[in-house]
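Colleague: Each chain, letter by letter, is given below.
There are 2 protein chains.
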Amino acid sequence: MTILSGLRLTECAAFIAGPFATMSLAALGAEVIRIDPLEGGLDYHRWPVTAAGRSLYWAGLNKGKKSVSIDLRAPEGRELAQAIITAPGEDAGLFITNFPATGWLDFEKLKALRGDLIMANILGNRDGSTALDYTVNCAVGFPAVTGTPGDPKPTNHVLPAWDLLCGMTAATGLLAAERHRRKHGVGQLLKIALSDIALAVVGDLGFIAEVQINGDARERHGNHIFGAFGHDFETRDGRRIMVAAVSLGQWKTLCKATGIGEAVTALERAQGLDMSREGDRFAARDALAQLLTPWFVARTLAEAAASLDAEKACWGLYQSFSQLVNEDPRCSSASGLFAPVDHPGIGATLTPRSPIDFTACEPLPPGVGPHLGQHTDEVLLNVLKLSSGQVAALHDKGIVGGSVRA
Amino acid sequence: MTILSGLRLTECAAFIAGPFATMSLAALGAEVIRIDPLEGGLDYHRWPVTAAGRSLYWAGLNKGKKSVSIDLRAPEGRELAQAIITAPGEDAGLFITNFPATGWLDFEKLKALRGDLIMANILGNRDGSTALDYTVNCAVGFPAVTGTPGDPKPTNHVLPAWDLLCGMTAATGLLAAERHRRKHGVGQLLKIALSDIALAVVGDLGFIAEVQINGDARERHGNHIFGAFGHDFETRDGRRIMVAAVSLGQWKTLCKATGIGEAVTALERAQGLDMSREGDRFAARDALAQLLTPWFVARTLAEAAASLDAEKACWGLYQSFSQLVNEDPRCSSASGLFAPVDHPGIGATLTPRSPIDFTACEPLPPGVGPHLGQHTDEVLLNVLKLSSGQVAALHDKGIVGGSVRA
Chain R
1 MTILSGLRLT
11 ECAAFIAGPF
21 ATMSLAALGA
31 EVIRIDPLEG
41 GLDYHRWPVT
51 AAGRSLYWAG
61 LNKGKKSVSI
71 DLRAPEGREL
81 AQAIITAPGE
91 DAGLFITNFP
101 ATGWLDFEKL
111 KALRGDLIMA
121 NILGNRDGST
131 ALDYTVNCAV
141 GFPAVTGTPG
151 DPKPTNHVLP
161 AWDLLCGMTA
171 ATGLLAAERH
181 RRKHGVGQLL
191 KIALSDIALA
201 VVGDLGFIAE
211 VQINGDARER
221 HGNHIFGAFG
231 HDFETRDGRR
241 IMVAAVSLGQ
251 WKTLCKATGI
261 GEAVTALERA
271 QGLDMSREGD
281 RFAARDALAQ
291 LLTPWFVART
301 LAEAAASLDA
311 EKACWGLYQS
321 FSQLVNEDPR
331 CSSASGLFAP
341 VDHPGIGATL
351 TPRSPIDFTA
361 CEPLPPGVGP
371 HLGQHTDEVL
381 LNVLKLSSGQ
391 VAALHDKGIV
401 GGSVRA
Chain L
1 MTILSGLRLT
11 ECAAFIAGPF
21 ATMSLAALGA
31 EVIRIDPLEG
41 GLDYHRWPVT
51 AAGRSLYWAG
61 LNKGKKSVSI
71 DLRAPEGREL
81 AQAIITAPGE
91 DAGLFITNFP
101 ATGWLDFEKL
111 KALRGDLIMA
121 NILGNRDGST
131 ALDYTVNCAV
141 GFPAVTGTPG
151 DPKPTNHVLP
161 AWDLLCGMTA
171 ATGLLAAERH
181 RRKHGVGQLL
191 KIALSDIALA
201 VVGDLGFIAE
211 VQINGDARER
221 HGNHIFGAFG
231 HDFETRDGRR
241 IMVAAVSLGQ
251 WKTLCKATGI
261 GEAVTALERA
271 QGLDMSREGD
281 RFAARDALAQ
291 LLTPWFVART
301 LAEAAASLDA
311 EKACWGLYQS
321 FSQLVNEDPR
331 CSSASGLFAP
341 VDHPGIGATL
351 TPRSPIDFTA
361 CEPLPPGVGP
371 HLGQHTDEVL
381 LNVLKLSSGQ
391 VAALHDKGIV
401 GGSVRA
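Residue numbers (my numbering), protein chains in the order written: chain R, 1 to 406; chain L, 1 to 406.
Derived from the structure by calculation, the hints contain no laboratory data.
No false leads were slipped in.
Under the rule of at most 30 Å between Cα atoms (straight-line distance), these lysine-lysine pairs were calculated in the DSSO-like manner: (1) L:K183 - R:K111; (2) R:K183 - L:K191; (3) R:K153 - L:K312; (4) R:K153 - L:K252.
One-sided excerpt, in silico: chain R residues whose CB lies under 10 Å from chain L: (5) L4; (6) G53; (7) G124; (8) L165; (9) C166; (10) T172; (11) L189; (12) Q212; (13) H221; (14) F226; (15) A228; (16) V243; (17) L317; (18) D328; (19) I356.
Idealized CB from N, CA, C, for every residue including glycine.
Extracted from the complex, chain R is given alone in its bound form (with noise of 0.2 Å):
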């Protein structure tokens, strides 16, 4: 039993934050069905993309989910979306979608279909207007303080961070109204805005606050961690390391490791610092950084990584994607993360099973990127109970699409 064997979830999404969601909770063992046009949804070609044209990154959004495919512009392609979507079952009954809530996906439309659904409806902006996490992202601050110290341009960050934290938030939201009717047995509408998701975080981390309070804004600071030290060091052999020291421990163990003590106790006579303070070592971070730079310049990453690792410093090595795939030990089989999955129609690649280890219940192996349309014909005959013969006539009438290709 895997901990959420039972549950079921239906998506019409595309893009990240939805598919996310689902299929977060589909590594837990949810049994997700994801509906999609017999084109394929928006997202379906997103890059990247195999000489081919398979979409890598619909693959590994979409690992574990059941696709069904239906005419959705035909009246009778939607009843049939509706009807999944509603489909009886105590554990079954949520949905999400990242479209507008109107017409057939109207959630009062659903509703009296199933009168205990649960829809989290996945807006841009509260008022429903447009938002990606590209045009968010730039709106809440972040690019304004990320990169090179000096200069005027933006810089945006490639990770879709809101994107995925909205998607998570969604899993999160799903599951506190299915406990809620559990215990009162009413459904409801979920609205998620992808730009409150940022905007929240901006107030949570304090952003907000350091305007309305401190009457100023954070400043760019490069690769220099804000408020407490932290920064990147070239190796000898060229490499990168970023040394983290937040907390007085892991300044401590910095400080031995690198042997700059006496340096540190000079510079904190000289400057009237006491670099037990957090902020202190803020302040001082361009004097920090240079008393470090030359113990990193003198040292291969090897000699610098054992005598960091010797006092259990708090660092990290930069590396590509390539590096990472190839020679980090936590980026393998080995791991317990990961483990090679034949995807169809792209090969076998290192897919992740769920980060989150339950202990009284069985990991779910990774999932499956599945071929469009794969489950059709198994979802229209054991979810909505269709004859085969009623599933073959749907084929015929060019209503349903995939399986047969499957």
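Since the structure of chain R is provided, determine the placement of chain L on it from the hints.
Modeller: Structure of chain L alone, referenced to chain R:
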């Protein structure tokens, strides 16, 4: 009634992941008890701080929680903390920590006090070694592809994205485990490593497959959106706009709003590309950006915004944190997400509630950042059912703190 009314969690954690997990659940109505040492936890002074040294970060990440302070070096204090963590109640007995789960925080020891305890242990790495957001992020590849193309140095992003995602993943895991306990009567230990969160995402988004299947890794593309079209542009009045054309619909609205349709057709003919394909838009990104630049340079922000909005093109405005707070209506009390909240010792700041709207439940107003130990007495009296005499004795012995100041 709020969505998580009645649920009770205890937290012994610091910094972002653990505190963010429980703060998010507190915002949904769960009772969250954060236990700290008498002098405050490792993050009690984390920057940004007020002129008087109060941490805006701590207030933000602990708002809506009950703060209990205990001498956690004293055996009697540890027993008290264990009693709070394992206190009875059908909806209680959930615990989160990012400290080593050894000694008095050993799962088996706690389980002996409450057989169905659910405990989430957030780790740095799966093997228990230390890792922070900064030391994970450098290793998983993103700094190598963030920032100006051609720059050989890595660019750290400023958002602690992995911490936040780890926290929300823990929240999802806790609710999944609580569901399992309700169904099957058993608790369990959850383990979640920060580096696994990042490694799994690198797999989910196709970066690992890109290396293994395509034999190459992502390059640095500056502020271009990978695999489609999106870039930043400066307006006549010196503002910056991020435009995104990921879907075909977004591309069409962008062309219409800016009138580049004919030039795009000419470019397609000249280069043998079809800009209705997202990959071709990416291939022609520099030429497309050049086509668009004069349009933005010729317009003020207001003029560009009016034209883009008229066609419902997808765009966002770059803002500093100050501009966000002072100029963006989404970051105001009018939005529905925020309200001004007076945090004791800090003052009134615009504070977010949960970004999830549950239509069947009341929203909880934004929480207040507590004084350290503000709720010590309340928790001892109500959760542990101690007498006021017993509580007074604990204060006299210096085993507990707070409350008196509150």
